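A.B. asks: So you can see what is in the structure, the chains are spelled out below.
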Amino acid sequence: MPDPDEGFARLWDAHYDDVLGYALRRTDHETARDVAAETFLIAWRRRDDVPADRPFPWLLHVARNVLANEARGDRRRGRLRGRLRGDRATAEPVADIATGLTEGGRIITALRRLSPRDREVLQLIGWEELDPRDAAIVAGCSAKAFSVRLHRARKRLAAVLAELDAEDRPAPVPSLQRSV
Amino acid sequence: MNDVQETRRLLAPANPCPPGHRTGAAHDETGRAAYARITAAAPATTPRRTPSRRTALRLAAVGGLAVATAAGITVAQSGGVDGQGRPRLPGGSVANAQEVLYKAADTAQTRPFKAPAPTQWVFTETRYRRSGVPARGQVVAPGSPLKTVIDRQWIRADGTKLATLNKGKLETSATGGGFPPVDYASVSKLPRDPSGMLAWARANRSPVAGGRDASAFQNLSSLLLNNAAMPPAQTAAAYRALAAIPGVRLDRTASDDQGRRAFAVSMVVEGWVREEILIDPSTYTYRGHRDVVVRDHTFEEGGTFKKGAVESSSVRLASAIVDRPGQR
Chain A
1 MPDPDEGFAR LWDAHYDDVL GYALRRTDHE TARDVAAETF LIAWRRRDDV
51 PADRPFPWLL HVARNVLANE ARGDRRRGRL RGRLRGDRAT AEPVADIATG
101 LTEGGRIITA LRRLSPRDRE VLQLIGWEEL DPRDAAIVAG CSAKAFSVRL
151 HRARKRLAAV LAELDAEDRP APVPSLQRSV
Chain B
1001 MNDVQETRRL LAPANPCPPG HRTGAAHDET GRAAYARITA AAPATTPRRT
1051 PSRRTALRLA AVGGLAVATA AGITVAQSGG VDGQGRPRLP GGSVANAQEV
1101 LYKAADTAQT RPFKAPAPTQ WVFTETRYRR SGVPARGQVV APGSPLKTVI
1151 DRQWIRADGT KLATLNKGKL ETSATGGGFP PVDYASVSKL PRDPSGMLAW
1201 ARANRSPVAG GRDASAFQNL SSLLLNNAAM PPAQTAAAYR ALAAIPGVRL
1251 DRTASDDQGR RAFAVSMVVE GWVREEILID PSTYTYRGHR DVVVRDHTFE
1301 EGGTFKKGAV ESSSVRLASA IVDRPGQR
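Going down the list, the protein sequences come from chains A and B.
Under our numbering, the first sequence has 78 at position 78, and the numbering climbs by one with no breaks.
In our numbering, each residue's number is its place in the second sequence (first place is 1) plus 1000.
Please keep in mind that the hints were generated in silico from the structure rather than gathered at the bench.
If you're wondering where the values come from, they're calculated on a predicted model, not measured in any experiment.
Note that CB positions come from ideal geometry on N, CA and C, so glycine has one too.
One or more of the hints may lead you astray.
[Unchecked claim] Quick look at which bits of chain A chain B covers, simulated, 3 or more residues with Cβ under 8 angstroms:
(1) 11-24
(2) 32-38
(3) 46-56
(4) 111-120
(5) 138-147
With the rest of the complex left out, here is chain A (with noise of 0.2 angstroms):
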């Protein structure tokens, strides 16, 4: 007799090292477990709601609402400051340096300077290799608004990764054509 529980451990068993490497990707270790902890506990007591066909998605949406929820928390303000990769606007300076001689690094200071929204679009499509279809289901929008958010965030990222090779090359000679 199938036993429900069976179930859990399959979906445990199936989508917990995912579920983890999305949180890894965006906080540090330790908070990266209890997010993830935190979103089989829920997907524990809401089985009912865990589409069985293509439950990863739905995991991720949950995984992605501990971690804004985390964020906010009061309880652990304190540990988590700093800790949200890319979530602020500045970065610490040693850190670019650090990171900016890679083109990871250049990628990752441009993401840093996306809106959160757009930086979500991007990351699922590109760290956690989702379809469009499925990534729309953990951004909470319809796939249509994806695909718009998607192209628009990608047109934003390739301005910002041109306005980072500006500043890398020296200052230009000032023109002397000017435009009106």
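Fit chain B to the supplied structure of chain A, relying on the hints for placement.
C.D. replies: Same frame as chain A, now just chain B:
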């Protein structure tokens, strides 16, 4: 899909935790401890039991949050008279799903309702019966045993906390958001009109529901299941939104898992499940749900549901607005 490929190409070198990096964490020491702690939480370990006399009494207060008597009167009156001037028996003469849903909406709006304060808690006691999802090679068929759990939970009205009992001990955690919302603060922000509510339910589309109408039905069903306390406007809007979904059916002779009569308003979702919303035929309040398999279905992983099997059902046993978690 240009955006997708380009985004992946750009972001890959910056991925702080590339796919596959944490493989095995589900079963390392921390993972195993978390699993044990979670599955030890109340729902799965609560022994099966029949409602006590006290539960049965509290059952009278279901949905109306201790105003069921008033609700009963309202409904009897709204039954009115039929074409020949004979008084209608409550629920005896409903023609279709829309009529049942409209009555449920009217009832929700005429029933006295007191909103919880943000610091108060909504207590809900629900009995679930579930078949569980069959593992590879397993089959759930009509008559397969169902596991019964009594779920007792308290959700703070402001949506910040969720409390459940674990072996008699109260445990508090975050609600985690999720969809649909399960807290009073969030549901009171939902559209107050049927078309707005329907648009909201359709917009949050599930990829597996089988179309936007099935998806909307599932969302509204889950909204009703998870929210014993919802403002009258949103409750009514949810019922009227359901009435506006094409293909919603009525079974006048349905029954809940205790054999009590109920109206079942239903729709086939995900292509293989008939999702039923159970409505009390005399008070027109929410009673619970039932998911019945209408077509054999085998999951990618290999488990099978046979036509006619009950996948899950629930009955709301009690609900109340209380000052502290643990209070009933």
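A.B. asks: Determine for every hint whether it applies to the structure shown.
C.D. replies: A quick look at each hint next to the structure:
1. Coverage of the stretch 11-24 of chain A by chain B holds. Counting CB-CB distances below 8 angstroms, 8 residues qualify, and the rule asks for three or more.
2. For the stretch 32-38 of chain A, the assignment as covered by chain B holds, since 4 residues bring a beta-carbon within under 8 angstroms of that chain's beta-carbons and 3 suffice.
3. Counting residues of the stretch 46-56 of chain A whose C-beta lies closer than 8 angstroms to any C-beta of chain B gives 8; at least three are required, and the coverage claim holds.
4. Restraint check on the stretch 111-120 of chain A versus chain B: 1 residues with Cβ-Cβ distances below 8 angstroms, three needed, restraint violated.
5. Residue count for the stretch 138-147 of chain A with a Cβ under 8 angstroms from a Cβ of chain B: 5. That meets the three needed, and the coverage hint holds.
Hint compliance for this structure: hint 4 is the single one not met.
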